Each structure stands twice: as C-alpha cells, then as structure tokens.
Amino acid sequence: MKKRSKKFLLLRLHYLAHRSPPDACSHEQKFLVLFSKKNTFFFTSKARPAFARLGIMTFGITSFGAYIPRRRLSRKAIAAAHAWAMPGLAAQGKGTRAFASWDEDAITMAVEAARDCQRDVPAAPASVVLASTTLPYVDRANAVVVAGALALPNTTLCQDQTGSLRAGLSALAAACRAQAPGAAMIIASELRRAKAGSAQEMAFGAGAAAITVGATGVIAEFVGAASLSVDLVDHYRSDAHGFDYAGEERWVREQGYAKLVPAAVKALVVETGVDLQAVKFLAPPSSNASIGALIASSLKIAPDRVVDGLAATVGDLGTAHPLLTLARALERAAPGDLILVIGFGQGCDALLFRATDAIAQRATRRGVEGAIRDQHADDSYQRYASFSRLLEYDWGPRAEADAKTPLTEQYRSDHQITPFVGGCCPACGQVQFPQFPLCVKCEAQVVFKPVRLADEPAKVATYTADWLQYSPSPPFYFGLVQFDNGARVLMEFVDVDGRTLDVGVPVRMTFRIKERDAMRDFARYFWKAVPIDSRETV
Amino acid sequence: MASGIRDKVAIIGMGCSRFGERWDVGSEALAVEAFTEALEDAGIEKRQIEAAWYGAGVEKVNVQNSAIPLSTALRISGIPVTKLENMCATGTEALRGAAYAVASGAVDIALAIGVEKLKDTGYGGLPGGRKGTFNDLWMPYGSAPAGFAQLAAGYRAKYDVSRDDLKRAIAHVSWKSHQNGVKNPKAHLRKAVGMDTILNAPLIAEPLGLFDCCGVSDGAACAIVTTPDIARALGKTDVITIKALALSISSGAELSTNEWDAARVLNTRTAARAAYAEAGIDSPRQQLSMIEVHDCFSITELVTMEDLGLSGDGEAVGDVLDGKYDSNGTIPCQIDGGLKCFGHPVGASGLRMVYEIYLQLLGRAGARQLAAPSVGLTHNLGGVPYNGIAAISVIGLLN
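Sequence order for the protein chains is D and F.
Here the first sequence is numbered in this note's numbering, starting from 1 and rising by one per residue.
Here the second sequence is numbered in this note's numbering, starting from 1001 and rising by one per residue.
Only true hints are included.
With beta-carbon atoms standing in for the labels, derived distance ranges:
id: 1; chain 1: F; residue 1: D1160; chain 2: D; residue 2: A427; range: 30 to 40 Å
id: 2; chain 1: F; residue 1: Q1048; chain 2: D; residue 2: Y393; range: 51 to 61 Å
id: 3; chain 1: D; residue 1: Y393; chain 2: F; residue 2: K1131; range: 19 to 29 Å
Below, a list of computed lysine to any residue pairs in the SDA-like style, where the Cα atoms sit at most 20 Å apart:
id: 4; chain 1: F; residue 1: K1008; chain 2: F; residue 2: P1228
id: 5; chain 1: D; residue 1: K441; chain 2: F; residue 2: L1266
id: 6; chain 1: F; residue 1: K1131; chain 2: D; residue 2: T408
Honestly, the hints are just simulated from the structure, not real lab data.
Quantities reported herein were computed from a predicted structural model and do not represent experimental measurements.
For glycine and all other residues, C-beta sits at the position ideal for the given N, C-alpha and C.
Turn these sequences into a full structure, and let the hints guide you.
Shown next, in the form of structure tokens:
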C-alpha cells in the first residue's frame, strides 16, 4: 500500500467498517489495524467506533487507585536515632518516608487502594490479583480477604502473586495479554521491614496501588508488553530471615538496570513499533531517582519524562512501586500520551499504554495525589520501630489477654464482618450492625436486607481517648459512630493525630487489623473510623 | 396486677467487710468477715438461714464458678445456694433473689452476699473483658472509664457545656466523696483531696482523670432478710424494709440505633420509674433522705442525678457545684464515700450501698450520721452507658 495520509486511512477504515456485512478478515483491514495500533489516531474517538463495528475492542486500563499510610517519618529522625553508631547516615537524612500503623499490612493497604480504584466504577472486577512480597499469610489466600472486604461476589477469581518486586507489573502484563472478559483488578501492596540502621530503613516506604484493566471505559489503551527473566539477585529475602540482603548498588545499576531494562524495552519496540521519543511518561520501578534517570538515559528518553518516584516524601513501595508511578502518570496524562512503565526484579517487565480520550473524564479519586496530600509528620523513630516490630515495648499485664479467634465464628459471621455489612429491617427500615436474629428497633424476626456500611457517610456521636486500655498505639480512641442511614456502631477511631475528633465530626471507614493474636500469629480484620478534616475534600 | 415487693421483706442483719487492698485475705475470709457481722446483727443462728444468693461480678479472678466457694467459705450445707453475676448490679441481684424468696413465702430467712477479690489481678483498674466470640470480631475493647467517658462527650454536646465547666463539676463529685470517705473507717480511700489535685491528675480516659475513677477494691457485703412479722418477733423495733427493687437491661437500642443521646443512661431512667412506682414515691426530690449511686466514674454520678429525677435535665452541673448532693446538701449522696472512696468490689457494691442506708436509718453511722433519714435509694450500673444494666433499690423504715 502506498504512503497515505492518516486522514485517508481513517476514512478508508470507516468505509470498510460500514460495509455490509463488515469483514474483519480482509488483508486491507488487517493492515489498517496493525498500522493504526502503532499510530495515535487508533486511540482517538474518531477511529474507535469503526474498530468497534469491526469487532476489534480496545483493551487497557480502566481505573486506578492508591493508598499510602499517613504517617511520615523524617529520615533526619532515623539518622538521629542511629547517630551513636552510624554518624554517616546523617548524609541520607533528607525527606520523609511513609510508615504503616501497627494495624496495617499488605492486605489492609490493598483494600484501601482497591476501594480508591473502584470509586465511581459501577462494575465489579471478574478477577483480583494481590501482588506483594510481604503478604501476611503464606498459606491463606490473602486476595480472598481483600475481595471480601471489597464485598466482591464469591465467584471472583482471586490469586496471590509473590516472589519478586516485579510480581505486580508481571500480573498486569499477564492480564493485558490475556484480555479475559470482564475487568481484572491488579493490586500491589507492600509493607517491608528493614533492619534498624540499614539503607533499606531509609529507602523503604509502605503503600499500595491498584489498576483495573478491561475493554469498557478504557482510559489508557494497552499497546504492548515485553518481559525478560534473568536471575540477577540484586537483593533477596528468605522466609526464615525476614530481612532483605542486598548486592552492591553500583553492580545492580550497571549490570541490572542499565542492561536489562533496555533489552526488554527493545523487544517492546520491536513488537509495537513505538518511537521511544514519543513516550510522555516513564514510570520507574522504584523510588530511587538515580535509577529513574539511568533508565531514561539508557533508553534515550528525556529525563523530564520520568515520573517522580516519591523518594522525597513516601519512599520505596517495592512491588507496588511501578503500579504507583503508573497511577501517578495516569493522573496527569492527556489523551494520546504514551506511558512506559518498568518493573524490575529477576529481570524486567516493560509495558506500554496510550491514554485515550476517556482519560479526560477520569473519575475523581483520592489517587496518588490524595494519598500524598493526606500525611502527618511523625518524627518518633520509636513509634515507627514499635509499629514495625523492631522494638518490643512492655505493654503491661493488660496486653496479656488471649486474643484467640474461633475460626468457626469468624467463618459464620464473615458476611457481616469483613465487608462491613449490616441489615435493614424490612418491617421498620432500621439499618443495624451487628445484625442479630431480631430487629433492634421493632423486634421483628425477619430476613434483613444486606446494607454495606463501608462507604456510608457517618459522624462521631461519642468518643474518648482511652489511656488505660491496652493499645499498640495509645491512646485507644473509640466511640459511637452514627451513620446517616440510621445505623449506629461502636468503633475504634484511627489516624486521629493532627485532626479534630469531636461529636458531629464526619468520619470515613477504613479496613484495618482489629487485633493481633501474637500467640498464634493470626490477625482479625475489621473496619475503623477515620475523622475527616474539614479541609479534606474526599 | 402484681402488688410489688414494698414492705414485704425486712432486713434484719447486715455486714460489710473493710474494703480496700486486702492483700492479707482471700475471698473466703472476706465473705466470713461480712457474714459474721450480719449474723451477729440479725441475732440468729447460721442454721436458721434457709437459702442463699451469692454474687461475684468478676468470677474469673480468684473465685471459681458455682456456689461451692461460698458454701465452703461459710461452711453452710444442705440449703440452696445460688451463684449469680450481672456485672456491677450483682450485689443488688443477690438481694433481689433473697428478697423474692422471702416474699414468695418459699423461705422465712434468706441470705444475700456479694464477694469480690480484685486485687489478685496484678494491676490497677478492672480486668479487661472479652465480649464473646462474635462481638470480639468487631466491638472495640475500651476500658470501663472509657465506656463512661462517652457520656461526657455526649453531655457536653447535648447541653453545650464547656470542657472546663463539666470538668469542674465532675471534679466536685469526687471532691465531695473524698470528704465523706474520711469519716468511714471501712472505706478504701480515707483521704481528703483538693480540687486542684483532682483537676490536674493524669488522664485515664478523656476527660476523666485518676480522681474521676473509683477505687477497685477487695470486699464483701451481706444482708439477712425475712418478713416484717418475723423481724418483730426477733425483737427488731426499728424495722427496715425493702420498698422497691428494679432492674433494667439494654436490648441494644442505645448501641445500634440513634435512640440514645449519650447525655443520660436510659436504663437508670427506666429502673427509676419502676422503683418509684413500686415504692410509692411521687416526689423523689422531697421523699429521698439520701442516695448511694453508682459513681464508678464522676461523670456517671453527675448524669445519674438527672436520670433519677433529682436534677432537671441539663441542670446537674449547677446542682453539683451548688453542693446539693454534698453531706450537708438537700440530698446527701455517697455519705459513706461511695464507690469512689468506700471502694468498688464489684459483686459486693450493691449490698454495700444498702448497708450504708441500713446503718443511717438505724442511726448507727457514727461520725457520718445524717439527721433522721427515713428512706434511701441505691443505684448500680453494670456494663457501659450504651449497653448495660441498671439496678435500683429503695430501702426505708417500716411505718
């Protein structure tokens, strides 16, 4: 076919699409499809109806979300805590890192990122992948707990992916290649522990990101992906040891990032024919700014195209990091923008997306921006060390109570507890949690209509700060929460510091660990209430 | 139509152990201490007791389950002994069991006893309770003071009371009880405390400080009951009778609906209505000579003044600060020091309150004796304000 203008090809495409009957198998159409996939106009609203008529669906990212724990520990405070032994750490004492509360783990953070991702998205995903190297359970499907908290139907395919910091992006690549019917949600969540005084302690953050892919409501079209699997052990962690052991950083840079990433991207270029100069956002695999710059220069992509890895405020999110930088790119992308995202760990994944016109209508979500904004400066290294189980406090005899969870009861009431579902009495309309056999208001024995409270607006009815009761994060704030729909629940309040807790203050629900059974290493999960500051919009 | 308990049962003997940190004695010795006093007071033989009701509120500490520990401690055999527990209402429940047995005619003489040995926990405050396998999955475990501190938040919001004003009023509640406790030789805490000390004490559960919380104590209290006729036959000239026994328990409405405004305790109001009706009290402010209420925490006592109808809604702050409930006020409250200073051995507390009224009515209250009291009220609150138990008794001289 001789060289034609894009306008001509578009007209030709529409002509072919409107022939009766449409014929998707013709040589000319195949060419047009291939050509279009390498060119921007395929992704414009002008071409899409034609492709839809030809039965060629677009597939790609339909939504994204993020969660970062609120507390930010300054690296200066970390360096100060270790100054007696490692005065040299002071040089790294810049910026802050996010750290999780005692009641957060890879499961709870995944739930929050997924809720952000699902906001204003009507359809539930058909599958959920939870990717992490720090899943709380080695043998108990962590993704099933997450799906339960999201109140997804129990027909949802749930899988854990682990074993490498690349697990999240690899799962995204697999979902994009599979293009299975129904949306697929990929959540990556990470809460890595680091030894006191280690470089990791400075570098690591905590958080989660979620991406859904599908064929409906695509905001960034999947263009292509390439993967490389190479056993370059930049770091590793065994189950028994619990902490990372890392190789020399310069070796990892030179033999790892500088060579493996270009090799994978080269394969991607061959597959998609993309011009790397056109990449608008390069989403890096880690928070380390020098690695982002190294990848950009090795790909000859302008350094200003590298998405900020959030080293200054959040730190490294491990498996969740490439999904987080991808989400950050999606927050900023304009229609037609190319986004290249890189995952790294025993090889490399490179995925290419192109923002569609629909990106302009992306729903209001907390996203990465919201998660970064919602921060609370906390320079207590001891609190971080206690929450991270590096430092064992003597909490006194009140902490000795046995916290065994009867698994029978946990299963029996799982439909109420994990998704935070109460019942609406069909006789009197009272919404109630917990739900017992008889209505709390009209005493009728009825079949209650399930009502999920996790996203219902609510306010503080009563509260106190309890300094007597054992809590890993004293004081223990709790009180009655009054939901606008009439339900009332006695709940714990969290993330109170720096906010106002008072009667009438609005609260939102967050999924957390209610209690840890240290003796049996089991966590029970439930919902807690977070006061909403009047300055917060979401 | 039921005729109620009024004047059907007389109290012929009472005993109360010294309350406090009784490191030297176990629950058996505490029971014997209270029982011996009651038996001597009644002027009867042990074998004349035909049935016993035994309450222990926190049985997992020290005392085992069943009635066996009591019958072993008192060496009583061959009579029915019932073990019961209903949180802080346990002592009043024991009295209720014994009184109803006498009123029914099933027995002539019955024993009610409450025993608690809390200071074997190894720490201050009440032991933290689990809430059952289901509730443990969702319900926050707050301490007892934190449960009652919710009332403070609700009260401030409902009546637009400032933090400082409410704090000062509840501090006065504790100040008054410390003043009273000094005069009670059996009290756990016998030391007057200044307002500044109370106001500046470390916080336990905002806004409650250390002095807003009652003492957690070891102790036992005991009553021997019979019919008024038998009481007279035993030579009692001033016959003390039970005028009312009322109990109200939450069904979850406060916890799960918006029925509760958090500025009152609904169970107290329900129980008070029933008790006043049973006792024939239509004007409690005029008719009650004295009251012993559940001042587990200062805020509880303040709110209880409104719940009992002794202060108008929203007026307790003013009334308390005006001294209405002080020892020289119009309705002396906690003349024995209350839970705050007499102490709070949970299962014994209800009977301890009756003991004080009994002593006052008979003019045997020593340095703290009030002038010619004729009728008194006791009040217990178990659980928490939003999910609990209220027990009220009215005790008076038989006309």
